[in-house]
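Based on these hints, arrange chains B, C and D on the given structure of chain A.
One letter stands for each residue in the lines below.
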Amino acid sequence: MKVVELLRKIFLIDLFQGLSVTFRHQHPDDLVTEQYPIERPEVSDRFRGQPRLKNDADGKTLCTACGACALACPEKLIKIGSLRDPETKKKVLTEFGFDVGRCMFCGLCEEACPTHSLELGKDYELALYTREGMELERNQLENGIPRKVYEK
Amino acid sequence: MSDKQFYESLDEVEPGHTFLGSNELVLNMGPQHPSTHGVLRVILKLDGEKVNGLECVLGYLHRGIEKVAESRTWTQFAPFVDRLDYTAAVSNSLGYCLAVEKMLGVEVPKRAQYLRVILTELCRLASHQIWLGTHLLDIGAVTPLFYTFRDREYILNIFEKYCGARLTNHAFRIGGCRWDAYEGFSKEILHLCDDLLPKIDEYRELITGNRIWLQRTKNVGYISVEDCRSYSITGPVLRASGVCWDVRKAQPYSSYEDFEFDIPTGTASDTFDRYVVRVEEMRQSIRIIRQAVEGLAEGPIIAKVPKVIKPPVGEVYVSIEAPKGELGYFIVSDGSAQPYRVRVRPPSFINLQALEKMSKGSLVADVVAIIGTLDIVLGEVDR
Amino acid sequence: MVQQLKSVYGSGICEATTFAGQNYLVVDRAACHDVLRTLDEQMSYHCLTDLTAVHYPKDALPFEVVWILYSMSANERVRVKARFADGEEVPTATDRWAAANWMEREVYDMFGVRFAGHPDLRRILLPEDWTGHPLRKDYDLQHQDTDWVRKNLGIESGQ
Amino acid sequence: MKNILGYLHSNLTPGEAGSLFWVTVYVLLVFAGVATIVMFMNWFERKAMAHMQVRLGPMRVGPHGLLQPVADALKLLLKEDLMPANADKLVFWFAPVTVVMTAFCGFIVVPFGPTHAITDMNIGVLFMLGVSSLSVLGVIMGGWASNSNYPLMGSLRSGAQMVSYEVAMAMAVVSAVMMSSMATGTGTLSMIGIVRAQMQQHVWFAFSFFPVGLIAFAVFAIAMVAETNRAPFDLPEAESELVAGFLTEYSGFRWSLFFLAEYAAMIAVSSIATTLWLGGWLRPFPNLLAGKNWDLAFSLVPGLSFMVAAGLCFFFYTRMPKIRAMRANAIGQAGLGCFLFALGVVLMLPGVHERIQDIYWFTLKVLGFMYLYIWYRATFPRYRFDQLMKIGWKVLLPISIGVVILTALIGVRQELFALVWR
Numbered sequence: 743m744k745v746v747e748l749l750r751k752i753f754l755i756d757l758f759q760g761l762s763v764t765f766r767h768q769h770p771d772d773l774v775t776e777q778y779p780i781e782r783p784e785v786s787d788r789f790r791g792q793p794r795l796k797n798d799a800d801g802k803t804l805c806t807a808c809g810a811c812a813l814a815c816p817e818k819l820i821k822i823g824s825l826r827d828p829e830t831k832k833k834v835l836t837e838f839g840f841d842v843g844r845c846m847f848c849g850l851c852e853e854a855c856p857t858h859s860l861e862l863g864k865d866y867e868l869a870l871y872t873r874e875g876m877e878l879e880r881n882q883l884e885n886g887i888p889r890k891v892y893e894k
Numbered sequence: 006m007s008d009k010q011f012y013e014s015l016d017e018v019e020p021g022h023t024f025l026g027s028n029e030l031v032l033n034m035g036p037q038h039p040s041t042h043g044v045l046r047v048i049l050k051l052d053g054e055k056v057n058g059l060e061c062v063l064g065y066l067h068r069g070i071e072k073v074a075e076s077r078t079w080t081q082f083a084p085f086v087d088r089l090d091y092t093a094a095v096s097n098s099l100g101y102c103l104a105v106e107k108m109l110g111v112e113v114p115k116r117a118q119y120l121r122v123i124l125t126e127l128c129r130l131a132s133h134q135i136w137l138g139t140h141l142l143d144i145g146a147v148t149p150l151f152y153t154f155r156d157r158e159y160i161l162n163i164f165e166k167y168c169g170a171r172l173t174n175h176a177f178r179i180g181g182c183r184w185d186a187y188e189g190f191s192k193e194i195l196h197l198c199d200d201l202l203p204k205i206d207e208y209r210e211l212i213t214g215n216r217i218w219l220q221r222t223k224n225v226g227y228i229s230v231e232d233c234r235s236y237s238i239t240g241p242v243l244r245a246s247g248v249c250w251d252v253r254k255a256q257p258y259s260s261y262e263d264f265e266f267d268i269p270t271g272t273a274s275d276t277f278d279r280y281v282v283r284v285e286e287m288r289q290s291i292r293i294i295r296q297a298v299e300g301l302a303e304g305p306i307i308a309k310v311p312k313v314i315k316p317p318v319g320e321v322y323v324s325i326e327a328p329k330g331e332l333g334y335f336i337v338s339d340g341s342a343q344p345y346r347v348r349v350r351p352p353s354f355i356n357l358q359a360l361e362k363m364s365k366g367s368l369v370a371d372v373v374a375i376i377g378t379l380d381i382v383l384g385e386v387d388r
Numbered sequence: 148m149v150q151q152l153k154s155v156y157g158s159g160i161c162e163a164t165t166f167a168g169q170n171y172l173v174v175d176r177a178a179c180h181d182v183l184r185t186l187d188e189q190m191s192y193h194c195l196t197d198l199t200a201v202h203y204p205k206d207a208l209p210f211e212v213v214w215i216l217y218s219m220s221a222n223e224r225v226r227v228k229a230r231f232a233d234g235e236e237v238p239t240a241t242d243r244w245a246a247a248n249w250m251e252r253e254v255y256d257m258f259g260v261r262f263a264g265h266p267d268l269r270r271i272l273l274p275e276d277w278t279g280h281p282l283r284k285d286y287d288l289q290h291q292d293t294d295w296v297r298k299n300l301g302i303e304s305g306q
Numbered sequence: 003m004k005n006i007l008g009y010l011h012s013n014l015t016p017g018e019a020g021s022l023f024w025v026t027v028y029v030l031l032v033f034a035g036v037a038t039i040v041m042f043m044n045w046f047e048r049k050a051m052a053h054m055q056v057r058l059g060p061m062r063v064g065p066h067g068l069l070q071p072v073a074d075a076l077k078l079l080l081k082e083d084l085m086p087a088n089a090d091k092l093v094f095w096f097a098p099v100t101v102v103m104t105a106f107c108g109f110i111v112v113p114f115g116p117t118h119a120i121t122d123m124n125i126g127v128l129f130m131l132g133v134s135s136l137s138v139l140g141v142i143m144g145g146w147a148s149n150s151n152y153p154l155m156g157s158l159r160s161g162a163q164m165v166s167y168e169v170a171m172a173m174a175v176v177s178a179v180m181m182s183s184m185a186t187g188t189g190t191l192s193m194i195g196i197v198r199a200q201m202q203q204h205v206w207f208a209f210s211f212f213p214v215g216l217i218a219f220a221v222f223a224i225a226m227v228a229e230t231n232r233a234p235f236d237l238p239e240a241e242s243e244l245v246a247g248f249l250t251e252y253s254g255f256r257w258s259l260f261f262l263a264e265y266a267a268m269i270a271v272s273s274i275a276t277t278l279w280l281g282g283w284l285r286p287f288p289n290l291l292a293g294k295n296w297d298l299a300f301s302l303v304p305g306l307s308f309m310v311a312a313g314l315c316f317f318f319y320t321r322m323p324k325i326r327a328m329r330a331n332a333i334g335q336a337g338l339g340c341f342l343f344a345l346g347v348v349l350m351l352p353g354v355h356e357r358i359q360d361i362y363w364f365t366l367k368v369l370g371f372m373y374l375y376i377w378y379r380a381t382f383p384r385y386r387f388d389q390l391m392k393i394g395w396k397v398l399l400p401i402s403i404g405v406v407i408l409t410a411l412i413g414v415r416q417e418l419f420a421l422v423w424r
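Going down the list, the protein sequences come from chains A, B, C and D.
Residue numbers in the first sequence follow my numbering, run continuously in steps of one, and reach 894 at the last position.
Residue numbers in the second sequence follow my numbering, run continuously in steps of one, and reach 388 at the last position.
Residue numbers in the third sequence follow my numbering, run continuously in steps of one, and reach 306 at the last position.
Residue numbers in the fourth sequence follow my numbering, run continuously in steps of one, and reach 424 at the last position.
Extracted from the complex, chain A is given alone in its bound form (with noise of 0.2 Å):
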């Protein structure tokens, strides 16, 4: 035993088994990077991205205004403004405001919502420049912001 382990260090055959495991690793099947821009990873049907507001099939919003969202955010970043219809007695939503630069998509407001109008989406870029254009305005929340594409 003590001869077979003396042969081992002499002839560095732990070095050589090191270096076994990262020749074998050059095989191209090994491979794992995903080429970003031309190949997009697949986002999961859970998953917590941009914040949609959604429409009903007549592209009224589902919304209520009830505020609930707002009051569930830890970070206090949704702003709702409503008016009461003087017919209808109902809370009317006039603006929505949704600040994505403090926002940690723990999706608490997504449960507090509830008509599920309020969702965090599966779009995932939504790095910016500054920070003005983080603030998210209703019909950008409703309608998505149009992202450019980069191709190269």
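Be aware that one or more of the hints could be misleading.
[To be verified] Result set (EDC-like, lysine to aspartate or glutamate): computed pairs, CA atoms no more than 20 Å apart in a straight line:
| hint | chain 1 | residue 1 | chain 2 | residue 2 |
| --- | --- | --- | --- | --- |
| 1 | B | Lys-362 | B | Glu-60 |
| 2 | C | Lys-205 | B | Glu-54 |
| 3 | A | Lys-818 | B | Glu-71 |
| 4 | A | Lys-864 | B | Glu-158 |
| 5 | B | Lys-223 | A | Glu-747 |
| 6 | B | Lys-72 | C | Asp-285 |
| 7 | A | Lys-864 | B | Glu-75 |
| 8 | B | Lys-315 | B | Glu-71 |
| 9 | B | Lys-309 | A | Glu-853 |
| 10 | B | Lys-204 | A | Asp-841 |
| 11 | A | Lys-821 | A | Glu-852 |
| 12 | B | Lys-72 | B | Asp-339 |
| 13 | B | Lys-72 | A | Glu-817 |
| 14 | A | Lys-818 | C | Asp-287 |
| 15 | B | Lys-192 | A | Asp-787 |
| 16 | C | Lys-205 | B | Glu-75 |
| 17 | B | Lys-204 | A | Asp-756 |
| 18 | C | Lys-228 | B | Asp-339 |
| 19 | B | Lys-254 | B | Glu-265 |
| 20 | C | Lys-298 | C | Asp-276 |
| 21 | D | Lys-49 | A | Asp-772 |
| 22 | A | Lys-832 | A | Asp-800 |
| 23 | A | Lys-818 | B | Glu-75 |
| 24 | A | Lys-864 | B | Glu-165 |
| 25 | B | Lys-365 | C | Asp-285 |
| 26 | B | Lys-362 | B | Glu-54 |
| 27 | B | Lys-50 | D | Asp-388 |
| 28 | B | Lys-223 | A | Asp-756 |
| 29 | B | Lys-312 | A | Glu-852 |
| 30 | B | Lys-362 | C | Asp-287 |
| 31 | C | Lys-284 | B | Glu-75 |
| 32 | A | Lys-796 | A | Glu-747 |
| 33 | D | Lys-324 | A | Glu-781 |
Quick caveat, the hints were computed from the structure, so don't treat them as lab data.
Structure of chains B, C and D alone, referenced to chain A:
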């Protein structure tokens, strides 16, 4: 400014203050340094290459999370704890939820408990993989970092599918889980377990027998059992010194008593033993995950908790075995909807204190190895 | 255990109760150091798991310092709590546990509670020249050391 | 003019022939060649390491990132040239120059072929060892002049390391030089002479006196890694400990000079190893497979190998996804294939293929060493300083001295036997 003026201005800052012998060299490692794992700053006092003393300067990542808690509701604070130890966000989340549940006296449904076990053990795997990669990188082996990060990516994919986020998951809610297992959850996890085991063997083949690795880690960073006690060291560092203590066994939480697993211990209490202990822990985690997936019963995933959580007046201390050690939450409630005080017992912070003890008299290269072996995350140290 | 402690310290032990299955001792501030010693030396509570404080600004003795001890042989935790007045010095635990060093520094940093006999009582998480102790309840959340921010970061406000 | 053309028919190196024109041409060629190989090495190292680490490496600039080193070089040249306020300006400026000068001086005696060397010195090996060990001066100068702790420690480590490994290295070289005396009775220190000796003895010195030559070769191969500060002996620039060691305060052009010098030094020591132990420019089996036909066959290999590379380029060109984002890349790849094919054709031309094949075989052997360097770097952790010293003085040095003694004993074995049996 001429050189003379410059040195004179130094004297003005610290009049007559010298903490040096004439042949001591002060080396300022960090806060921006490749191997201080974030923004730890270590001031080394060197005699040539030998470390005569060192001092840690903390707080470069201090975000005042304990203060933040005082102005959030109990539910709202949950996403913040993920930002403590961001390599093991799920563990933090579990600890906090358990603490609040204990205060409320809520019994979490079995299925939720098992889901929690599966996710925290996956998270332990992910955390240990980061540790392994970065630790080896500190010692100079570049390649294992990529292998471990590749494997961690598969775990993060499962997190993403389960709860929609990869790193700071906010996976659990007070009273149970927010999401049920997605379709194909069990199958995917069992498959992952089968895949990971040979990969752990691969790390071993690459490094465990390697003479350079052995020389760099054996007898480096020794700490005695008595010192471990005195420094309140927990987690793999404690277990490598031969103390078989793990919160999961000592004070089981979240159904850990249902599972069969061993607690790996070391004997030499050096960097190499800690490596062995952690790698073995990865195997044990896989074992637990397999049992939990098989035992996953149907049922509710969240207990009945009021919408606005108002725990009774009182205080509890609840701790779990996070990948880094014992992660404790000491929470005080005044009966309102907001925490009165949330104190986190951060394992990294407390383990890091032993750095000075462990590295005195060793070489500069060893300090780097010891920082790696302590497995600190600065998000948790500085909070 | 409580009986034993009570027989030694008498009125030093104010209260020994259980909440949510967890034991704690409320100790008079004069006796706290001795109680910790007894727990460590005679009752196998060898590990100092955590040391922290809570601020109750309305009370006469506003600072509650909490020691969480753990006994590995009995697998049991106990919390020792003592109340201190503002500006009063708490006896240090660093002579018994090396781990108490940074924990006490953190309590000093966050609450301004001073520890008598601590070898190196400085701020640990905040910068040395920061003013105020953030975890005190009277430390306003919006408040920050604007002077410090201006001087060191070169911006008007960090908020 | 007649002299200039006349040289082409002589069998001498330009230095020996005393032709100033051809010396200049050769110096320029060697400099350009080494600089190109360094550029290529930069790409190759990133690519090979990336594949070992299951990554792709540079992919964006040029086909498979081939133009990445050019982009890097441009970036480095355009970068602001920083100098620490309290640096010793003159020494700080002179350090990278010293390192580059010493690294390139060594190439004066490297024989890429029987006539393809700038000159053939009769102390060639000694010259090479001496010059390459001078580079430690530059490193120490750079570390000291930076007036900063990390560079200082890095340069101290480097100084100690290079000095200690020099000894083992030189001892290993002595053994090879002794072997060169076997056939003729007189050994030589000339690089060309040593390769000729291997030709005459019908064996590469790595395999002569088996396993003595192999051990000497192994000692040299280990010591040369330490000598060039590469992993696992890269302590002077240990990234995780000393940030970048003696390079910490260097940036931009100066830094790129250090970089150039490091790779040039790697190529230089690999050339020594190739020359002394692996038969230098000799093609495989020059004696066993001798004859006109074999000569022709082997001399066509360089051209053919380029053509195979071109074929691979075209093959992958057809497999590329046909999307707009990849178009520039695809054109680049096809262009590269055409270029390689043209190169292959040129190398096959009569008159060229006989002359070029020596250089080809030499370069191939050196590139093998380069691959080893990269492979080590991707695999091994880093030694600690005291362990490094221990290996240098307590392991390599005794072994290399033993090898020298053994070589001597085996070399004079007949005389010894005669002495004993008389």
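Checked hints:
1. B/Lys-362 to B/Glu-60: holds (11 Å)
2. C/Lys-205 to B/Glu-54: violated (54 Å)
3. A/Lys-818 to B/Glu-71: Holds. A/Lys-818 to B/Glu-71 sits at ~18 Å (cutoff 20 Å).
4. A/Lys-864 to B/Glu-158: Distance ~19 Å between A/Lys-864 and B/Glu-158 Cα, so the pair holds.
5. B/Lys-223 to A/Glu-747: holds (18 Å)
6. B/Lys-72 to C/Asp-285: holds (12 Å)
7. A/Lys-864 to B/Glu-75: violated (32 Å)
8. B/Lys-315 to B/Glu-71: Roughly 19 Å separates the two Cα atoms, so the pair holds.
9. B/Lys-309 to A/Glu-853: holds (16 Å)
10. B/Lys-204 to A/Asp-841: Violated, at roughly 42 Å.
11. A/Lys-821 to A/Glu-852: Given that 20 Å is the threshold and the Cα spacing comes to 15 Å, the pair holds.
12. B/Lys-72 to B/Asp-339: holds (16 Å)
13. B/Lys-72 to A/Glu-817: holds (14 Å)
14. A/Lys-818 to C/Asp-287: holds (18 Å)
15. B/Lys-192 to A/Asp-787: holds (18 Å)
16. C/Lys-205 to B/Glu-75: holds (17 Å)
17. B/Lys-204 to A/Asp-756: Given that 20 Å is the threshold and the Cα spacing comes to 18 Å, the pair holds.
18. C/Lys-228 to B/Asp-339: holds (17 Å)
19. B/Lys-254 to B/Glu-265: Within the cut-off at roughly 10 Å; holds.
20. C/Lys-298 to C/Asp-276: holds (11 Å)
21. D/Lys-49 to A/Asp-772: holds (14 Å)
22. A/Lys-832 to A/Asp-800: holds (19 Å)
23. A/Lys-818 to B/Glu-75: The given pair, whose Cα atoms are some 15 Å apart, holds under the 20 Å limit.
24. A/Lys-864 to B/Glu-165: holds (12 Å)
25. B/Lys-365 to C/Asp-285: violated (41 Å)
26. B/Lys-362 to B/Glu-54: holds (17 Å)
27. B/Lys-50 to D/Asp-388: Given that 20 Å is the threshold and the Cα spacing comes to 19 Å, the pair holds.
28. B/Lys-223 to A/Asp-756: Within the cut-off at roughly 16 Å; holds.
29. B/Lys-312 to A/Glu-852: At roughly 15 Å apart (the allowed maximum being 20 Å), A/Glu-852 and B/Lys-312 satisfy the hint.
30. B/Lys-362 to C/Asp-287: Distance of about 38 Å is beyond 20 Å: violated.
31. C/Lys-284 to B/Glu-75: Holds - the C-alpha atoms of B/Glu-75 and C/Lys-284 are around 9 Å apart, at most 20 Å.
32. A/Lys-796 to A/Glu-747: Roughly 69 Å separates the two Cα atoms, so the pair is violated.
33. D/Lys-324 to A/Glu-781: holds (13 Å)
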